[in-house]
Every structure is written in C-alpha cells, then in structure tokens.
Amino acid sequence: MRLVVSDLSAGYGNSRVVHDIALTVGPGEIVALLGANGAGKTTILRALSGIIPRAGSVLLDDREMIDVSARDIVRAGVIHVPQGRGTFGGLTVGENLSATQTGSAAREHALRDKACRLFPILRERWTQPAGELSGGEQQMLAVARALMLEPRILMLDEPSLGLAPLIRIELFETIRAIAADGIGVLLIEQNADLSLKIASQALLLSHGRIVASGRPDEIAGSGTIEEAYLNHAG
Amino acid sequence: MPAELQVFLQQVVDGIANGSLYAAMAVAIVLVHRTTGVVNFALGEMALLCIFLAWQLAAWGAPLPLAIIAALAFAFVLGAGIERVLMRPLRNKPPLASAVVALGVFLVLNQICALIWPGAQREFPALVPALNFELAGVRVGSETLLLIAVLAGQAAALWWFFRHTRLGLRMRAASDNPESAVYIGIEPNRLFTLGWGLSAIFAAMAGILLAPSILLTTGMMFPILIYGLCAATLGGLNNPFGAIAGGILVGVTENLASTYLPFIGSDLRIAAPLILVFIALLFRPHGLFGTVQAERV
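Protein sequence lines correspond, in order, to chains X and L. Each residue of the first sequence is one higher than the one before, starting from 0 at the first, in numbering that gives the first Met the number 0. Each residue of the second sequence is one higher than the one before, starting from 0 at the first, in numbering that gives the first Met the number 0.
The following block holds chain X by itself, in its conformation from the complex (with noise of 0.2 Å):
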C-alpha cells in the first residue's frame, strides 16, 4: 500500500500550521520527518490520522481519503502511534492488546503472538495494568497495540522520547524489522541522526512547510537540518 499525500494543509481553529505538504510511503519505506519543535510535524500525523481538519489530497493507494472519518482511516490501515504513547494505563497490558481487534479470536492470537514475538517483554508483563509499565515498555505496548490493527502505513510520533539510550537502539531495530514486513513507516523522531540510520527518505520540515527531502544521506550531508534546527528556534 501506498500513501500519496499533496498540497495538504492542516490546524487549529481558523490557523493554519503546516501547508503544501507532499509526500510518499511506500509498502516497507521508512520516512523520517524531521523538523525543530513546532515545526509542525506532529500535525502532519494529526491530519493523516483524520483528528483534525485538513486539506488537500490523502491518497490509500488510489483511493482519496481526504474526508474519510478517524475510524475508517484506521479501518483502511493507517494506524497513528501518538507522542507520549497513550496506552490504556487501567487495562492490563492484554486487555490493551485485545481492545484493539474486531477480527476473529484465532486472528487475534495469531497478532498477538507477532506482537510478542517483537516485543517479548509483553508476555511478562500481561495481566499488569499499562499504567505501571516502564516509559519504554508502554512504548513497546503502544506500538505492539498498533500491530494488532495490521496496519499498512504505520505512523510514529517521537517513540524513543524519554527512554533509555540502549532501548532506544532496541526500538528503531524493531522499526526496521516492521518495516522489512513490508509496512510503510512514517517516523517523527527528536533524535535525527538516529532516524536518518534507519529511514530510507527523509523530509526536513520548518516553519509548517517541507524545505528540503531525499535520501538520509543527502539531507544528512547538506546542512540543512542545522539550518532548520536554527532558524525555528531563531
């Protein structure tokens, strides 16, 4: 699956944050976002995941999404992890997992296992309530409850915030092998050097708008990151 994104716009109220907004992910692509605090990135994933309004053109492989509603957006595949996790603290970490499926019992415990498979810390921790796991086991519960959906695109907003430096490395491997599953990932990520290792496309964003986009490696070696990082906070 392909998600086409052009010209899109998105906000608050009557403001506008981010415009003009294009981009491609593509089945098992990892695009890095990136872009100072403010720059708008997390309103990109906002809009894509239909929680705000927005503008412009959403393509699902060649079907518009644009006016699709939250829940089929999540129907069709496209599944938003948000900053700060926001797992379900009360439920136990099964019961996370479990609120996440319509599909069959069997379904369920066969993406279950995937799941914990990934994450085998999960099946430690099971019948403990979300809300007393680690930051970086609610990260992993976060983004396992994601691959319960069977997503097609899935959307990562900051998932390495305020862990630890050798969980962090653990977590990107796991991004990566998401991706090898064929899963688009469209990646927010503070640490830049982190998420240029293991994206494929990387977009530099400022101000709202996109400024620079290509391969790690020429976004990397252009100084361009420094320059957006700079300007915003200028």
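Listed below are several chain X residues computed to face chain L (Cβ distance under 10 Å; list not exhaustive): (1) P81; (2) T86; (3) T99.
Listed next, the stretches of chain X that the computed footprint assigns to chain L, with coverage defined by at least 3 CB atoms under 8 Å from CB atoms of chain L: (4) 71–80; (5) 88–98.
By construction, these hints were calculated from the structure, which means they are not laboratory data. Fair warning: this is a prediction, and the values are worked out from it, not measured in the lab. C-beta atoms are modelled at their ideal positions from N, C-alpha and C, and glycine is treated no differently.
Once you've looked at the hints, dock chain L against the given chain X.
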C-alpha cells in the same frame, strides 16, 4: 441458636436484600460516572418513569414479563437519548453544567410521571409468588431471594462483559483514555451513549425490583437514589464491583443501626450509612474499592 444471634442474622439478611437495591442503583451511577464523569442525579426518576410504564402496560393487560422487558428497553432508549441530546454538548464544559442539567431532567421526569399518573397510589404486581423460607430461625422471603439472585446475575454479567467481551474492553478503553481510543478506531461517543443506556437499565431494574414491596408514588425512587449515591461513593465511583459491595454494606449498616442504636430507630436510619461513608472517605478518599490510576513516566 440464641435469640440475639437470630435477630442479628435476620437484620443482616434483610440488609442484604435492601442493599441489593442500592447496589443496582449504585452500579447505574458508576457506569455513567466512569464513562463520562457525570453524576447522573436523574437516574432515580428515569427508573420511576420506567416503573410506571411497566405498571401501565401490565394494567392494560400485557403479561408482566413482557411489560418489564418493554420498560427496560425504554430505559435504554431514554438513557441513550439523554446522553446524546443533553449531555454530549456539555462534554467539555465544567462538571457543574452536567450536574445541573441532570437535576433539571430529574424534575422534568418527576413532573411527567405526576401528570400522566396523577392521584391515587398504585400497586405494582408481585414479581414472584410470596413464599417464606426459614433456615436456623432466619426468615427469607421469595422477593428477597429474587433481589439477591438478580444482583448476583447483574454482577456476573458485568464482570463478564467488561473483562471478556471486546465491546466491554473497548468501553473501558474509551473511558480510560478517550483521546487515545480514537487512534485505534474507537468512537468514544458511541460507547458513552451505550454506557448511559446500560446504566438506565440497571436503575430501572432496581426500581422494578423495589416496586412490588411499596405503593407507587412519584417520590419512591428518591431515597433509593440517595442510598445508591452513598453506596457508589463508599465502594468507589470508578468500580462497579465496589458499588455492589458498597450497596450491601450500606443496606446492612442501615438495618443494624436502626435495630441496635435506639436514638437512630427507623426515622434516622439514613444517617447511619451517611456516617459510614463519611468515616470511610476520611481514610479512603476514593472509596473502599476505588482506585487511583498509577502512571509511570
């Protein structure tokens, strides 16, 4: 068995029977509160309208079970409708707004009942034949057994629904974190409407179980609402099983206090559970079984 112990056990059994009614109302209160954060003061009068409706259908010749099923179905529509029309627009407003609207619904429904069914007090048909059973000198009536059986059935159904059905899990997820629920394709509003509908059924069941033992009046559900609020607060406003335990505790405390504390007697019996709630909240501010969600960062 010594006579004193026999009296004590009799009061406990009768307290459990009363407590079952309070528990059913408390569960209704908790279902609404844990999904939408609203304390629905109108639940008693919603139940009242359903009791009168069941009575009316039976008076017109409908078989009693059918009349009750129709009234419970009406309760679901009423609860869901109130959420959809009156409460949803107030979702992000201060909690006082919802509380005031709920009180308004309380008054309107009460007046509707008074208008449609004015005058003489009415008798609700018995739900089961009046039989008395005796074990070790403790008498238990068939209606008491029905009350306890219905409450046990409700508790089991609730446990199964919230733990073992996807719909129940999704309802818990939506109330736990509505914003996050949207990201996995849950529409919290639909589930909140369902929660209100279910809670109205629980309240109506409490009312219909109470109805055969008293004359129908427009004031009959108010004490049950107050006891239900006590039970829900005592058990924990976010825990339906805590509400059931709270209901039983309130019922037993009320009976024992009115029997053994002469200055309370039957006039001041409602004071006993209120004092119990006050003391319990001093030590457990979220109720005996209420939980504060842990969140590690």
